[in-house]
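Peer 1: Listed below are the residues making up each chain.
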Amino acid sequence: MGSRVYLLLTLLFYTGGAVHVLLHAATRRKLLSLTTTTAMLLGFATHTAALALRWNEAGRFPAVGLRDISSFLAWTLVLVFLVMWMRSREDVLGLAVHPTAFLLLVVANLSRPEDKADPYLQSLFLPVHATLAFLGYSALFVAFAMGVLYLIQERELRSRSPHTFYYLIPSLEGCDRTGGRAAAVGFPLLTLAIVTGMFWSAAARGHYWTGDAKEWTAVVAWLIYLAMLVARHRSGWGGRRGAWLGIAGFAAVALTFLWVTVLASPVGAAAAR
Amino acid sequence: MIVVVGVSHRTSTLALREALAFPRETLPQALARVREEAGAEEAMILSTCNRVEVYAGGLADPAPIAAFLAAHHGRAPGELEPHAYRLAGEDAVRHAFRVAASLDSMVVGEAQILGQVKEAYELAESAGTLGSALATLRHRTFAAAKRARSETGIGRNAVSVSSVAVELALKIFRDLEGRAVLLVGAGKMSALAARQLVAAGATATVLGGRTFEKAEQLARALGGRAAPFEHLRDELSRADIVISGTGAPGTVISRADVAVARQARGGRPLFLVDIAVPRDVDADVREVPGVFLYDLDDIKAVSEANLRERRKEAVQAEQVVEHEVREYLDWLRSREVAPLLAELRRRGEEIRRGEIEKARRRLGTLTAEQEQALEAATAAIVNKLLHTPTVQLKEAARDGRGDVMSLIRRMLGL
Chain A
0 MGSRVYLLLT LLFYTGGAVH VLLHAATRRK LLSLTTTTAM LLGFATHTAA LALRWNEAGR
60 FPAVGLRDIS SFLAWTLVLV FLVMWMRSRE DVLGLAVHPT AFLLLVVANL SRPEDKADPY
120 LQSLFLPVHA TLAFLGYSAL FVAFAMGVLY LIQERELRSR SPHTFYYLIP SLEGCDRTGG
180 RAAAVGFPLL TLAIVTGMFW SAAARGHYWT GDAKEWTAVV AWLIYLAMLV ARHRSGWGGR
240 RGAWLGIAGF AAVALTFLWV TVLASPVGAA AAR
Chain B
0 MIVVVGVSHR TSTLALREAL AFPRETLPQA LARVREEAGA EEAMILSTCN RVEVYAGGLA
60 DPAPIAAFLA AHHGRAPGEL EPHAYRLAGE DAVRHAFRVA ASLDSMVVGE AQILGQVKEA
120 YELAESAGTL GSALATLRHR TFAAAKRARS ETGIGRNAVS VSSVAVELAL KIFRDLEGRA
180 VLLVGAGKMS ALAARQLVAA GATATVLGGR TFEKAEQLAR ALGGRAAPFE HLRDELSRAD
240 IVISGTGAPG TVISRADVAV ARQARGGRPL FLVDIAVPRD VDADVREVPG VFLYDLDDIK
300 AVSEANLRER RKEAVQAEQV VEHEVREYLD WLRSREVAPL LAELRRRGEE IRRGEIEKAR
360 RRLGTLTAEQ EQALEAATAA IVNKLLHTPT VQLKEAARDG RGDVMSLIRR MLGL
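Sequences listed follow chains A and B, in order.
Sequential numbering from 0 applies to the first sequence in numbering that gives the first Met the number 0.
Sequential numbering from 0 applies to the second sequence in numbering that gives the first Met the number 0.
Calculated from the structure, these hints are not laboratory results.
Note that CB positions come from ideal geometry on N, CA and C, so glycine has one too.
Accuracy of the hints is not assured; some may be wrong.
[As the list claims (entries may be wrong)] Restricting the straight-line Cα-Cα distance to at most 27 Å, the calculated cross-link-like pairs of lysine-lysine (DSS-like) are:
| # | chain 1 | residue 1 | chain 2 | residue 2 |
| --- | --- | --- | --- | --- |
| 1 | B | K383 | B | K393 |
| 2 | A | K29 | B | K145 |
| 3 | B | K187 | B | K299 |
| 4 | A | K29 | B | K299 |
| 5 | B | K393 | A | K29 |
| 6 | B | K117 | B | K145 |
| 7 | B | K145 | B | K311 |
| 8 | B | K383 | B | K357 |
| 9 | B | K213 | B | K187 |
[Stated by the list, open to error] Across the chosen pairs, the derived CB separations fall in these ranges:
| # | chain 1 | residue 1 | chain 2 | residue 2 | range |
| --- | --- | --- | --- | --- | --- |
| 10 | A | V218 | B | A247 | 52 to 62 Å |
| 11 | B | P227 | A | T26 | 49 to 59 Å |
| 12 | B | K393 | A | T26 | 32 to 42 Å |
| 13 | B | R232 | A | S234 | 14 to 24 Å |
Just chain A, same shape as in the assembly (with noise of 0.2 Å):
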């Protein structure tokens, strides 16, 4: 029962932390107050609390299932964020992650957790695997979100006529900046995912390709990372183009996570299960 206070708890702080960001950004005044800090760091501490104690009870790394994937995916961003921010300061990133963890959290308190004992789920493959791919696609949804703010943020300086948006986001440099360094952090964590992903395939079953769906759509988001980083190091600037790209990458890694999660695939879907 230890988690499920705890888990209800983290939902508390992060609904906080949430409702204070976008209240914020509704009022147009600095985007990330102490207040909004303070929720998501003690959050961030219950949440610590929940997963570890439902590792506990599970007698498993907490990432099986849709209410420990959604919980466990949720404390990544955070951790992601927490990072990010210490280093760049960067308030517009709490208005992507802060919403998108309280979604999250609301999903993993809503669904019922999934204890059937699997062996492949015994592996340490799990816990490695899982941290790696959950950080990875944490710090792609960061870049992700800022290159959708990039695009609207040109927008409306296009538009040549500001709405909300355009006192909203920073500025074009700093969003193209955040999305390249989160890329640059995702794109490390994502080849070790797949790396890993492939030695658990074949520690489990002997095969390090299967050529199923999500491989290649993880290899079709790898690819795309990849072309993305190049571009970026090159000209020292994403633009429009590095913001598109970070979209359809993370396009292509949210379609993978899904096959995991949810559709049929020998490993993933033992995860599922």
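Take the given structure of chain A and dock chain B to it, following the hints.
Peer 2: Relative to the frame of chain A, chain B by itself:
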């Protein structure tokens, strides 16, 4: 009581405001006349291009000030009637606060007005027409204006051409530190915008044509360098921000110029502000990816949107001002009633002392015990009698019931 009579951009034509304006050098004299002719104890005059206002202390009615304002400028009293506002007491205080908070300004939230109000008070102070009422109003006015400005966003978004250009630059670039600004033409408006950009850390290059000397002068003033106009394409490829404001009749920066520069820029965005009429920059430049071009119309559109944002914030600022008005009035009233209460007490004590003396004469020597009883009994009578009027006076003062206060005053013969 504080009164104010004035005309502003809301109530009058520019011509009338010009006619009623007080040139700076005539102000000490005019302030003295407000006291002599209108019978005010204190006076302050705020004269800017958007308003002419005379504040006075120690008057119950603004009429003498209105008469002074007309007479001073050789106008018939009736002439100002439809344009001038005459406010007294609470309304005058509210008006003073709103003006200083820039809520009554043509451009809501503009920052100059506070400085102008400050100066007007300083002039009144040195002319010796500032007494305790206006001095307190001054103090409260600045407090209210500063709160309105810092707690709401009325002054937040840029509205002037040069500051909109800076704001836009900051929507494209994260900061301006080390950005290269290219000025095409050394006009006044370009210089103004460039100065703000340089102050934020940008470096300036001025392109000069026939009047190269002028470009060199401006470059020196901006701590940058000048270059001949022939180097346009080179300089474009280096620049992050271009401000073009030449008097040339035709296109100065063509799409080809920008496209070539873009090749050399490796994707970094280029921000162009064209403040020339007729325009310097080919409108097709907009279509080059990564290039943001704003002409005067575009700047105006952003400025208008920003002004709309400020007006939204003004609703909150009005609340801040209203709160400050309440606080000030409460304070004023509590001060008004204090001397009255003291007088009431003094009168009670005086009567009591008198009656004790009379009693003593009649009764002869009293024992200490009897003396004490007499003191206690008379004190109790006075206290009990004065208790209700005291409470009522305090309440009347708090609620601003001048009528109740004067009634109590009359009943007590104060």
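Peer 1: Does each hint hold? Answer for all of them.
Peer 2: Structure-based check of all given hints:
1. Between K383 of chain B and K393 of chain B the alpha-carbon distance is near 16 Å, which keeps this suggested pair within the 27 Å criterion.
2. At most 27 Å may separate the alpha-carbon atoms for a hinted pair to count; K29 of chain A and K145 of chain B meet this at roughly 19 Å.
3. Among the hinted pairs, K187 of chain B with K299 of chain B is consistent with the structure: their alpha-carbon atoms are about 18 Å apart, no more than 27 Å.
4. For the hint pairing K29 of chain A with K299 of chain B, the CA-to-CA distance comes to about 25 Å; that is within 27 Å, so the pair holds.
5. With a C-alpha separation of about 43 Å, the suggested pairing of K393 of chain B with K29 of chain A is violated against the 27 Å cut-off.
6. About 12 Å separates the Cα atoms of K117 of chain B and K145 of chain B, which keeps this hinted pair within 27 Å; it holds.
7. Proximity of K145 of chain B to K311 of chain B is assessed by CA-CA distance (about 18 Å); at most 27 Å being required, the pair is judged to hold.
8. For the given pair, K383 of chain B sits about 21 Å from K357 of chain B by alpha-carbon distance, which is consistent with the 27 Å threshold.
9. Proposed proximity of K213 of chain B and K187 of chain B is supported: the alpha carbons are some 11 Å apart, at most 27 Å.
10. Distance hint for V218 of chain A and A247 of chain B: a CB-CB separation of about 56 Å, consistent with the stated range 52 to 62 Å.
11. Look at P227 of chain B against T26 of chain A: about 50 Å separates their beta carbons, and that is inside 49 to 59 Å.
12. Against the hinted window of 32 to 42 Å, the Cβ-Cβ separation of K393 of chain B and T26 of chain A comes to about 39 Å, which satisfies the hint.
13. Taking 14 to 24 Å as the suggested C-beta distance range, the pair R232 of chain B and S234 of chain A conforms, at roughly 20 Å.
Going through the hint list in order, the structure does not satisfy hint 5, though it satisfies all others.
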